[in-house]
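Colleague: Per UniProt numbering: the sequence shown = residues 1 to 170.
Be aware that one or more of the hints could be misleading.
Straight-line alpha carbon distances no greater than 27 Å define the calculated BS3-like cross-link-like pairs of lysine-lysine that follow [claimed, not checked]:
# : residue 1 : residue 2
1 : 94        : 144
2 : 144       : 99
3 : 94        : 12
4 : 99        : 157
5 : 94        : 125
6 : 125       : 144
7 : 157       : 94
8 : 125       : 99
Hints in this document: simulated from the structure, not taken from any laboratory.
Since we're looking at a predicted model, the values are computed, not measured.
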Amino acid sequence: SNRGMAQGLTVKNFEIINGSANDDVIRGDAAANTLNGGGADDVLDGRSGVDRLNGGAGDDWLTGGAGNDLFVFDRSGRDGEGDVITDFTRGQDKLLLDKSDYGIAAGDATVTLVVGADPVATSTKGTFLFESDNGRLWFDADGKGTEADLELVAILKGVTTLSTSDFAMF
1 SNRGMAQGLT
11 VKNFEIINGS
21 ANDDVIRGDA
31 AANTLNGGGA
41 DDVLDGRSGV
51 DRLNGGAGDD
61 WLTGGAGNDL
71 FVFDRSGRDG
81 EGDVITDFTR
91 GQDKLLLDKS
101 DYGIAAGDAT
111 VTLVVGADPV
121 ATSTKGTFLF
131 ESDNGRLWFD
141 ADGKGTEADL
151 ELVAILKGVT
161 TLSTSDFAMF
């Protein structure tokens, strides 16, 4: 049952589209699209164009396609498995974060990031940890502190390194 939603609905020539609380499949076009998955586990495909993809709650599959794409990560509604980004291109695409979601001070210009096969936070500041051998990106809200658990943010398929320049913040 599609719960009254328009299953198989095709919408063309849009700029912004918002998914539902169901498992949505949303595909963009050649324009610059904003795809918001909403609740549940969604599949978002920007295709070509400069797209902004936000899976929202749930564990989502995100494909930017051609163009300089933004993959948005908010911490609300996450259930621990993280999103999968199928085609992140370093130097072209960005991981977009809301500073307040991740406890990043308003004046901070970059994220704290540790990269390696088994990365470990080196300060008590909120830290992103990128596993270079499998593309998993984690967030540790208290760094090397002992209060916060690691949160899986995303799996970046085919990506073996990251730098702070791969992130953008608002």
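Colleague: Would you mind marking each hint as holding or not holding in the structure?
Modeller: Against the structure, the hints come out as follows:
The hinted pair formed by residue 94 and residue 144 meets the criterion: a straight-line CA distance of about 26 Å does not exceed 27 Å. Note on residue 144 and residue 99: the hinted pairing holds, with a Cα-Cα distance of about 20 Å set against a maximum of 27 Å. Between the alpha carbons of residue 94 and residue 12 the distance comes to roughly 26 Å, so the proposed pair stays at or under 27 Å and holds. Restraint check: the Cα-Cα separation between residue 99 and residue 157 comes to about 24 Å, which is no more than 27 Å; the hinted pair holds.
Of the supplied pair hints, the one linking residue 94 and residue 125 holds, its CA atoms being roughly 22 Å apart against a limit of 27 Å. Distance restraint check for residue 125 and residue 144: the Cα-Cα separation of roughly 8 Å lies within the 27 Å cut-off, and the hinted pair is therefore satisfied. Proposed proximity of residue 157 and residue 94 is supported: the alpha carbons are some 14 Å apart, at most 27 Å. A distance of roughly 13 Å separates the Cα atoms of residue 125 and residue 99; the hinted pair therefore holds under the 27 Å criterion.
Violation of the numbered hints given earlier is absent; every hint is satisfied by the structure.
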